[in-house]
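Using the sequences and the accompanying hints, generate a full structural model.
full-length UniProt numbering applies: residue 1 is where the sequence shown begins, and numbers increase by one.
Hints may contain errors.
[To be verified] Have a look at the derived ranges for each label pair, beta carbon to beta carbon:
hint, residue 1, residue 2, range
1, Ala172, Ala88, 19 to 29 Å
2, Asp204, Ser271, 23 to 33 Å
3, Ser173, His207, 23 to 33 Å
4, Asn205, Ser60, 29 to 39 Å
5, Ser226, Ala184, 39 to 49 Å
6, Ala57, Arg196, 34 to 44 Å
7, Arg92, Ala172, 46 to 56 Å
8, His206, Gln64, 31 to 41 Å
9, Ile124, Ala172, 17 to 27 Å
10, Ser202, Ser173, 26 to 36 Å
11, Thr115, Ala145, 44 to 54 Å
12, His179, Gln64, 19 to 29 Å
13, Asp149, Asp38, 34 to 44 Å
14, Asn219, Glu24, 45 to 55 Å
Hints in this document: simulated from the structure, not taken from any laboratory. Model, not experiment: these values are computed from the prediction. Even for Gly, the Cβ is constructed at its ideal location relative to N, Cα and C.
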Amino acid sequence: MDRLTAARVLLDVAVTQSFTASAERLDMSRPMVTRHVDLVEEWLSVRLLHRTTRKVALTSAGEQCLPLLQAWVEQAAALQDELSNDGALGGRIRIATSMSFGFAQLIPAVKEFMTQHPMVEIDIDVQDRASDLIAERIDLAIRIAANPDPSLIGRPIARCDSILVASPDYLASSRPIQHPTDLAHHRCLGYKNFERHIWHLSQDNHHQSVEVSCALTANEATTLLSAARHGMGIAMQPTYLAQSAVEKGELEVILPSWQPKVMEIYALYPSRKHLSPAVRGLIDHLLRYFAQTKWQDIRL
1 MDRLTAARVL
11 LDVAVTQSFT
21 ASAERLDMSR
31 PMVTRHVDLV
41 EEWLSVRLLH
51 RTTRKVALTS
61 AGEQCLPLLQ
71 AWVEQAAALQ
81 DELSNDGALG
91 GRIRIATSMS
101 FGFAQLIPAV
111 KEFMTQHPMV
121 EIDIDVQDRA
131 SDLIAERIDL
141 AIRIAANPDP
151 SLIGRPIARC
161 DSILVASPDY
171 LASSRPIQHP
181 TDLAHHRCLG
191 YKNFERHIWH
201 LSQDNHHQSV
211 EVSCALTANE
221 ATTLLSAARH
231 GMGIAMQPTY
241 LAQSAVEKGE
251 LEVILPSWQP
261 KVMEIYALYP
271 SRKHLSPAVR
281 GLIDHLLRYF
291 AQTKWQDIRL
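Next comes the structure, spelled out in structure tokens:
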């Protein structure tokens, strides 16, 4: 039983807070998980986990040791990547991203990368919330944001354009929309967790901010897209997600000469110091892929 494997097991238990859950995730018996944790504690001569009948929690020593163990495991993985496969990229990359971006855009980009680097394995964790990359052992998060988490390293890989859309039925039964201020008199569909829903639009050098009323909110873009298609109101959607429905005539673009605030798509990771060659290679690939692919074009 080697210390590196034991450290990986302990890190997983720290995330799941359960020996049983980690045993299922790691495909090993619960007693084997316990033995791995015991090995690390014996090696370091300190108790790292509190064990109760309900859950497992880190001791104060465990909280101090966890980042060091995580860094050690990451360094070992990076060293293995460097020395194996004659310099070819390899290993497993765990990615966190939103459902809408993962479904619509990330999968084609990842497929191309995995074809070029067959020794790389990808684990995609679909989340429509902020992630604790270290605690959840996420190597890379792909997020659309105006201001990314300052505690993370953020590399912009593409800009994300948005459009205002609504169904033909909704527009036929509602008052005309000729200027952004008209949006204040319409039912709009917004993202939750905002106290105020203010949409920012620009036309040439003119900027307009409008506070809209959102009768329906959701934390995920595809849900709002579906609501718009069902005539429930006006949605501000990423162009890459709404373009298919627009091309099919299911949705119409509103105020096409006005551009909603442009967002950035970021590749986020905890530290440059322990970035593996495979993760670095994937980030470079995503940057090239989105620069060369017409992934936001609408054909009307």
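Can you let me know if the beta-carbon spacing of Ser173 and His207 is within 23 to 33 Å?
holds, 30 Å
Does the Cβ distance between Asp149 and Asp38 fall inside 34 to 44 Å?
Between Asp149 and Asp38, where Cβ atoms are some 35 Å apart, the hint holds.
Hint says 46 to 56 Å; check whether the CB-CB distance for Arg92 and Ala172 agrees.
holds, 51 Å
State, for the Cβ atoms of Ile124 and Ala172, whether the hinted interval 17 to 27 Å holds or is violated.
This hint is violated: roughly 40 Å between Cβ atoms.
Evaluate the given range 29 to 39 Å for the C-beta pair formed by Asn205 and Ser60.
Roughly 57 Å apart at Cβ, these two residues miss the hinted range, so it is violated.
Thr115 paired with Ala145, Cβ distance criterion 44 to 54 Å:
The hint (44 to 54 Å, Cβ to Cβ) is violated, given that Thr115 and Ala145 are roughly 29 Å apart.
For Ser202 and Ser173, compare the CB-CB distance with the range 26 to 36 Å and indicate the outcome.
holds, 29 Å
Verify the CB-CB distance for His206 and Gln64 against the hinted window 31 to 41 Å.
This hint is violated: roughly 54 Å between Cβ atoms.
I want to verify a distance hint. Is the separation of the beta carbons of Asn219 and Glu24 within 45 to 55 Å?
violated, 28 Å
Can you tell me whether the CB distance of Ala57 to Arg196 sits inside 34 to 44 Å?
Distance hint for Ala57, Arg196 holds at roughly 38 Å.
Range first: 19 to 29 Å. Now tell me if the beta carbons of Ala172 and Ala88 are that far apart.
violated, 57 Å
Would you say the C-beta atoms of Ser226 and Ala184 sit inside 39 to 49 Å of each other?
violated, 24 Å
The structure does not agree with the numbered hints 1, 2, 4, 5, 8, 9, 11, 12 and 14 stated previously, though it agrees with the rest.
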